[in-house]
Amino acid sequence: MVALIRTSVARKYAMALSGFFLLFFLLQHLTINFTSILSAETFNFLSHFMGTNPFVQYALQPVLAFGVFFHIAMGIVLELQNRAARDLNYSYSNPAASSTWMSRNMIITGIAVLLFLGLHFYDFWFPELKLKFIDGVWNIEDRYFSELQHKFADPIRTALYVLSFGFLALHLLHGFQSAFQSVGFRNNKYTPTVKLLANIYGVAVPLGFIVVALYHYFGSLTH
Amino acid sequence: MNLTLKIWRQQDANSKGAMHTYEVSDISEHMSFLEMLDVLNEGLVAKGESPVAFDHDCREGICGMCSLYINGEPHGPDRAITTCQLHMRKFKDGETIHIEPWRAKAFPVIKDLTVDRSSFDRIIQAGGYVSVNTSGNTQDANAIPIPKADADNAFDAATCIGCGACVAACKNASAMLFVSAKVSQLALLPQGQVERKDRVMNMVDQMDKEGFGNCTNTGACSIECPKEISLDNIARMNREFLIASVLPE
Amino acid sequence: MTKLDSKIPEGPIADKWTKHKNDINVVNPANKRSIDVIVVGSGLAGGSASASLAEMGYNVKTFCFQDSPRRAHSIAAQGGINAAKNYQNDGDSTYRLFYDTVKGGDYRAREANVYRLAEVSANIIDQCVAQGVPFAREYGGLLDNRSFGGVLVSRTFYAKGQTGQQLLLGAYSAMARKINTGKIKMYNRHEMLDLVIVDGKARGIIARNLVTGKIERHAAHAVVLATGGYGNVFFLSTNAMGSNVTAAWRAHRKGAFFSNPCYTQIHPTCIPRSGDYQSKLTLMSESLRNDGRIWVPKEKEDAIAIQENRMNAIDLPEEKRDYYLERRYPAFGNLVPRDVASRAAKERCDAGFGVNETGEAVYLDFATAIMRYGQEKANILHLENPSDAKIRELGEGVVEAKYGNLFQMYEKITDDNPYKMPMKIYPAVHYTMGGLWVDYNLMTSIPGCYAAGEANFSDHGANRLGASALMQGLADGYFVLPYTIGDFLADDIRTGPISTESAEFDQAEKDVRERLDSLINNKGSKSVDHFHKRLGKVMWDKVGMARNEKGLKEAIEEIRQIRDEFYEDVFVPGSQNEFNQELAKATRVADFLELGELFAKDALERTESCGGHFREESQTPEGEALRDDENFAFSSNWEWTGDPRNSVMHKEELTFNDIELKQRSYK
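Residue numbers (the working numbering), protein chains in the order written: chain A, -8 to 214; chain B, 91 to 339; chain C, 130 to 796.
Looking at chain A on its own, in the form it has when it is part of the complex:
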């Protein structure tokens, strides 16, 4: 493993593979979130299952944590190496002529998402851990939906979430197709489709999260 990430190409593979994993995770997360719009019961059921199932808790969750940590750490390592590869910067540069803003600023959008992750953990994950592992409360099955509504009643939090999903979209718009390129998947036949999927995914997934957040915020206004 160490030998594998010794070279730059291998590091990119590692970055891409962890990226694929996170792409899959996001889709799963969105699916469950979206049920909160459709049915509070389904949402509670699924959330409770994910929150209490031992396999999810003790097998998938650590893998996810590692994936997230690895992707972030590797992203930072790559960025530092990349900066070192050009010790003196151009005094005048016109990078927009040849590349997209998203592709050049993955570290910025990435850090924005990382900051959001901090907020998100503060909002949901830490209370969740406290409740389960410190207070030892495991059996309330219908709390999830009300907690969600409660959190998104705050307009500032909702605005921060919406903004963060915007950054996530920018990160995904490059990251999705870039991951395919990094693992060497590129050909005349399928690459246009991959790029199309990338654009759909990169817009639809963050938009889905935004819809969920706004739904609950506006929902709180009518209560």
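Keep in mind that the hints were calculated from the coordinates and are not lab data.
Heads up, a few of these hints could be off.
Claimed, not checked - Derived list of chain A stretches under chain B, where covered just means 3 residues or more per stretch with a C-beta under 8 Å from a C-beta of chain B:
{"#": "1", "segment": "-2 to 12"}
{"#": "2", "segment": "64 to 73"}
{"#": "3", "segment": "80 to 87"}
{"#": "4", "segment": "94 to 101"}
{"#": "5", "segment": "166 to 174"}
Stated by the list, open to error - Straight-line C-alpha distance at most 27 Å; calculated BS3-like pairs for lysine-lysine:
{"#": "6", "chain 1": "C", "residue 1": "Lys132", "chain 2": "B", "residue 2": "Lys137"}
{"#": "7", "chain 1": "B", "residue 1": "Lys96", "chain 2": "C", "residue 2": "Lys655"}
{"#": "8", "chain 1": "C", "residue 1": "Lys132", "chain 2": "C", "residue 2": "Lys289"}
{"#": "9", "chain 1": "B", "residue 1": "Lys96", "chain 2": "C", "residue 2": "Lys541"}
{"#": "10", "chain 1": "C", "residue 1": "Lys506", "chain 2": "B", "residue 2": "Lys238"}
{"#": "11", "chain 1": "B", "residue 1": "Lys96", "chain 2": "C", "residue 2": "Lys714"}
{"#": "12", "chain 1": "B", "residue 1": "Lys137", "chain 2": "C", "residue 2": "Lys506"}
{"#": "13", "chain 1": "C", "residue 1": "Lys531", "chain 2": "B", "residue 2": "Lys238"}
{"#": "14", "chain 1": "C", "residue 1": "Lys531", "chain 2": "C", "residue 2": "Lys343"}
As the list claims (entries may be wrong) - Here are the computed distance ranges between Cβ atoms for each label pair:
{"#": "15", "chain 1": "B", "residue 1": "Gln101", "chain 2": "C", "residue 2": "Asp152", "range": "53 to 59 Å"}
{"#": "16", "chain 1": "B", "residue 1": "Asp183", "chain 2": "C", "residue 2": "Arg456", "range": "42 to 48 Å"}
{"#": "17", "chain 1": "B", "residue 1": "His120", "chain 2": "C", "residue 2": "Gly533", "range": "22 to 28 Å"}
{"#": "18", "chain 1": "C", "residue 1": "Gly653", "chain 2": "B", "residue 2": "Ser105", "range": "27 to 33 Å"}
Beta carbons: idealized from backbone N, C-alpha and C, even for Gly.
Let chain A serve as the given structure and place chains B and C on it in line with the hints.
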């Protein structure tokens, strides 16, 4: 045309450099960019000043010697050409033009706009060849038919002139396009199969040792490449690398 | 005359090379390890020689002035490389290639050398394919060929318009492999400034590190010069800016004979000069003449109107155009050899029919070809009564598929759309057939000093056919020199390393330092380019395509004058001990100023017209070149005696046993 030039001047590798401003006048729009610099230098020499050092040789876009980061882009604002093929009609009268050397740790400045690209040579030396002696007693050239598509793709990759614009354009100063072009050329041809695995491993290894950055797939390299080398080559090299590292000997 | 022994082996021409290889001395592999060879130049000849010598076991030091051996000007060759493979089954053979090359060279090349070139040509293709050179292929996967001017078979192998690049990268990769193992030590950005002779043998060079300015001594048992041609003596040429004669000229000054300096090839299809600032000329592949028609206006007033931008080429009706090549040479038309096409263009422009502001351009028109191809395409598509516009559109598509990259290059440089407006072209200096005299072993008249590729004189006579230069460079480097050099080095197996601490090295280094000092300390008022441009103008006007006695004599005087002024008034900024491009240029131009005079002197003495060299006093009643085999079937080999004015000429008679001499005719 009258122009203001902002040019990087640096006496040698160990000195500190800075941007200097020069004015040139009566520039014809039919001049090539390098001829415009010739005019500037002729004027500097006439004034007893040191002319701006820049690399150039064939002046027809094939030797790969000329470089220059012009107005924020390698080889200037036009596409699919080298600096020597860039003409002044691409600029406007009164314009300010910024001219800098390629900037990368692996391309140290020698003087002014001239950089040392021997890191590229060392990458080729690490494996960018087919190990066949020049006896002339190899098999007949037509002994192995090569599908035209493969031969054409290999040729397209092989048209790389090793100028370094890909590195200069890349925000990470990555040399992936250069390295992958040579890996692709030989991976596509039957003659390159014997050393296929070692080649990609050794060349990538040398690329990293030289201090080039990592590829983040911005695609700037290919767009700025005077020979329009495709990103397909980078993807192919990534596959070659995977095969070489994962499959057993 | 007795000074020159060409060492041509006895026996029938087809057996000479094999016999010679069997007869010459060979160095055994163990001894090769203790022998050093210096190769100057890293183009097709130098690169392939370096790689081959290193593979055989010699310790090689290779020098190039560029920042990488991959940038040598061989890279710019576009069209292709000849080889007698007969893959197209059109009756090609070693003899036919040999015959075409000798005839194309206007019977001024050495027969035995050319035969050997033809003999090894097939191996070059095998070798290059084995190295991974991506030649063009047909759909069946086999190699494709095309035909080139002046021959009747298809024997040219190519890689689109970048054959030179692909071949050079092949040789470069072969070198890279040996640099990696340490058998070649590569010196980039180094320029050879003198040859060092010890006990009558070439034993090293003095080189300047162009980055630091350091003067370095390098010793070896033999020195190979593969430093290309000297076309830049004309200032404007299709050569690279750095191409120069210095290495060859310094060897000449140390005793190597310089042969046929006046043999220059002028290529007919280059993009014309646009102004005085012009630094170099760009070649458009000769293949364009397959479909383009060359013309100028019939009437002078139309030409003047076009020159003054009052009229457009496309507005001139058909009957007012003069397709002068088709008119003068109905049999070959636009496909006459390079020298004939070039001369005819110059003749029309000199008569005042040129078609751009400078009056030095003729049209190369694709309109007919576009309509012809368009009509063919319309037939294939079964279009009924297609409009002219439709036919033109289809035709442009066909022409784009054939020449798209060339048309694009033309448009980038000139800003003219060649699909709509005829291209403008004019001849330009392209290749120099003359060079250092070498014997059959490629050794110059200095023992241990070899010359390969364009730097020597041996294979192209007075005119080079298309696609022959790449063949010669690689033949010399891969297959000739590595064998023949052993004949000399066999005596050196006990010599041991050559020391750089000798009186000869001291003297050579001192000379170089003095030369550089005098240039730096001159503190004159004019730039190096000022003198180079003046030299180029004299060379082009009086020693160029057409020459006469009066002009040549004037040229000799004018060149002397420019040379004197150069040493009085040149200004070279900066110092010796730095990266100083002006100083590098100054050393090169200084040598061009001497060569230029010898060039003119050689042209003066050769009162016949042959190959690219047209002597106005020697022409047929129709104004065609008239060769004089009676008096000039020899190569002129010049010996340096201290000043070009006093150089002494030694003749090597050319005897043709296997080919009958004929006057070339393309009527």
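* **Check of the segment 64 to 73 of chain A against chain B for coverage (Cβ-Cβ below 8 Å, three residues minimum)** => holds (count 3)
* Is it true that the CA of lysine 506/C sits at most 27 Å from the CA of lysine 238/B? -> Distance ~24 Å between lysine 506/C and lysine 238/B Cα, so the pair holds.
* **Range hint 42 to 48 Å (beta carbons of aspartate 183/B and arginine 456/C) holds or violated** => holds (45 Å)
* Quick check: the segment 166 to 174 of chain A, covered by chain B? Criterion 3+ residues, Cβ under 8 Å. -> holds (count 5)
* For the pair supplied as a hint, lysine 96/B and lysine 714/C, confirm whether the alpha-carbon distance does not exceed 27 Å. => holds (25 Å)
* For the pair supplied as a hint, lysine 137/B and lysine 506/C, confirm whether the alpha-carbon distance does not exceed 27 Å. => Roughly 61 Å between the alpha carbons, so the hint for lysine 137/B and lysine 506/C is violated.
* Confirm or reject the claim that glycine 653/C and serine 105/B have a C-beta distance inside 27 to 33 Å. => Roughly 28 Å apart at Cβ, these two residues keep to the hinted range, so it holds.
* Given pair status - lysine 343/C, lysine 531/C, alpha carbons within 27 Å -> violated (49 Å)
* Taking the beta carbons of histidine 120/B and glycine 533/C, is their distance inside 22 to 28 Å? -> Taking Cβ atoms as reference, histidine 120/B and glycine 533/C lie about 23 Å apart, which means the hint holds.
* Mind taking a look at whether chain B covers the segment 94 to 101 of chain A? Criterion is 3 or more residues with CB to CB distance under 8 Å. => holds (count 3)
* Is the hinted pair lysine 531/C and lysine 238/B satisfied, with a Cα-Cα distance of at most 27 Å? -> holds (17 Å)
* lysine 96/B paired with lysine 541/C [C-alpha distance capped at 27 Å] -> holds (25 Å)
Going down the numbered hints, you'll see the structure goes against 6, 8, 12 and 14, while the others check out.
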